[in-house]
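Colleague: Sequence lines, in order, name chains P and H.
For the first sequence, position 3 (counting from the first letter as 1) is numbered 2 according to numbering that gives the first Met the number 0, and the numbering increases by one without interruption.
For the second sequence, position 39 (counting from the first letter as 1) is numbered 38 according to numbering that gives the first Met the number 0, and the numbering increases by one without interruption.
What the hints contain is simulated information worked out from the structure, not anything from laboratory work.
Watch out, some of these pointers could steer you wrong.
As the list claims (entries may be wrong) - Some chain P residues judged to face chain H by a derived CB distance under 10 Å, without partners named: (1) T18; (2) R43; (3) A46; (4) P47; (5) S49; (6) R104; (7) N113; (8) S126; (9) L132.
Claimed, not checked - EDC-like cross-link-like pairs, simulated, lysine to aspartate or glutamate; straight-line CA separation at most 20 Å: (10) H:K107 x H:D140; (11) P:K6 x H:D153; (12) H:K57 x P:E44; (13) P:K63 x H:E146; (14) P:K147 x H:D51; (15) P:K150 x H:D51.
Said to hold, decoys possible - Pairwise CB distance ranges (calculated): (16) P:A39 x H:R25: 35 to 45 Å; (17) H:G81 x P:E144: 16 to 26 Å; (18) P:S145 x H:S131: 25 to 35 Å; (19) P:H137 x H:F121: 27 to 37 Å; (20) H:D128 x P:V101: 27 to 37 Å; (21) H:A92 x P:R4: 43 to 53 Å; (22) P:W66 x H:T54: 47 to 57 Å; (23) P:E115 x H:S131: 31 to 41 Å; (24) P:K147 x H:S23: 58 to 68 Å; (25) H:G112 x P:R122: 17 to 27 Å.
C-beta: ideal position from N, C-alpha, C; glycine also.
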Amino acid sequence: MSATRPKVLAISSRGGHWTQLRRLRRAFSDCDVIWASTDAALAREVAPDSFVTVPDASRWDRIKLVWSILCVLWLVLRLRPHAIVSTGAAPGYFALRFGRLVGARTLWLDSFANAEELSLSGRKTSSFADVTLTQWAHLGEPLPESVKCEKDRAYYAGAVL
Amino acid sequence: MIFVTVGTQLPFPRMIRAVALWASNRGRRDLYFQHGGYSGDLNGLANTDFLDAATAAKSLQTASIVVAHAGTGTILSCLERGIPCIIVPRHGALGEHRNDHQIATARKFEGRGGIFVAWSEFDIAPLLDRASELSGGSGIDPYASPELISAIRDFVWEGRSRHE
């Protein structure tokens, strides 16, 4: 284990995705964590950690989506995090995509709400993210401890509650 | 105060209408609706379409009971604060969401202390009538399971070593 603290970008949209993301806070206790979400008022929930606001987007509004993607791209290039963790939705998905440009390791935690199948974003991230996790045991294999995760697979390692 | 919320994304008129009707029948005024855009009549009861995160948290904190769509965010927030929460799952077939995942969520939380499922809009009034008996549970801590925390911590530190 290195003596230098890893720099982690923890990013999600507001609402349920964020509520789940902030419940991971203990995992970042020895890291330089930068939180990012789509509502500036969420900063106080993770204070005194760093918090960055990114514009909201969904795949239904093209112009907003492009603007949001550019902001996420800029954020990732500017921060150059060692690791990126997201619980969804669109901003997290793109952060993971761009994470590869800066050599970041990427983890997608699919929402607890997806109890019957992995989300579309989760299925997509599993093709390029280092780790894709589901919160339901029946939707994933147990996370291997030392072996690398395989592409196009979801793993299970517990849930946000 | 009864806080009625449909979350950050979509309106949910079926739920709002049922709660408003109950309030009108019982002559209750102590409600606050966050409805995501509702064209019906709320009889002048306090309401808004959307709330920023700080105001939403404040409204939740001051509520004696919450009526909500079966969204993970509201459910977790109520469990953390020990506030009783009546959840109403959205139906994909009624155009209330893109699919039926909220029905699955409601099934997973049914029977858990502090969470009460109204499977249809007709179940909302009977639950609200006995709201004073509904207990919010003891409040869960604001962290994910130790297993998940440890898996993500390992992932993050493993990432660091590769950059040395």
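Colleague: Each of the hints needs a verdict: does it hold here or not?
Modeller: Against the structure, the hints come out as follows:
1. T18: 4 Å, holds
2. R43: 7 Å, holds
3. A46: 12 Å, violated
4. P47: Given a least distance of 16 Å, the restraint on P47 of chain P is violated.
5. S49: Hint on S49 of chain P: violated, closest Cβ of chain H at ~16 Å, above 10 Å.
6. R104: 4 Å, holds
7. N113: At 6 Å from the nearest chain H Cβ, N113 of chain P passes the 10 Å test, so the hint holds.
8. S126: Because about 18 Å separates S126 of chain P from the closest Cβ in chain H, which is outside the 10 Å limit, the hint is violated.
9. L132: For L132 of chain P, the interface hint holds, since the closest Cβ of chain H sits about 7 Å away, which is under 10 Å.
10. H:K107 x H:D140: Roughly 19 Å separates the two Cα atoms, so the pair holds.
11. P:K6 x H:D153: 14 Å, holds
12. H:K57 x P:E44: Holds. K57 of chain H to E44 of chain P sits at ~12 Å (cutoff 20 Å).
13. P:K63 x H:E146: Cα-Cα ~37 Å, so violated.
14. P:K147 x H:D51: Violated, at roughly 40 Å.
15. P:K150 x H:D51: 37 Å, violated
16. P:A39 x H:R25: 35 to 45 Å: Holds: the Cβ-Cβ distance is about 38 Å, inside 35 to 45 Å.
17. H:G81 x P:E144: 16 to 26 Å: 36 Å, violated
18. P:S145 x H:S131: 25 to 35 Å: 54 Å, violated
19. P:H137 x H:F121: 27 to 37 Å: 32 Å, holds
20. H:D128 x P:V101: 27 to 37 Å: Violated - the Cβ-Cβ distance for D128 of chain H and V101 of chain P, about 56 Å, lies outside 27 to 37 Å.
21. H:A92 x P:R4: 43 to 53 Å: About 49 Å separates the Cβ atoms of A92 of chain H and R4 of chain P, which means 43 to 53 Å holds.
22. P:W66 x H:T54: 47 to 57 Å: Since W66 of chain P and T54 of chain H have Cβ atoms about 25 Å apart, the given range 47 to 57 Å is violated.
23. P:E115 x H:S131: 31 to 41 Å: 35 Å, holds
24. P:K147 x H:S23: 58 to 68 Å: At roughly 60 Å between Cβ atoms, S23 of chain H and K147 of chain P fall inside 58 to 68 Å, so the hint holds.
25. H:G112 x P:R122: 17 to 27 Å: 34 Å, violated
When held up to the earlier numbered hints, the structure conflicts with 3, 4, 5, 8, 13, 14, 15, 17, 18, 20, 22, 25 and fits the remainder.
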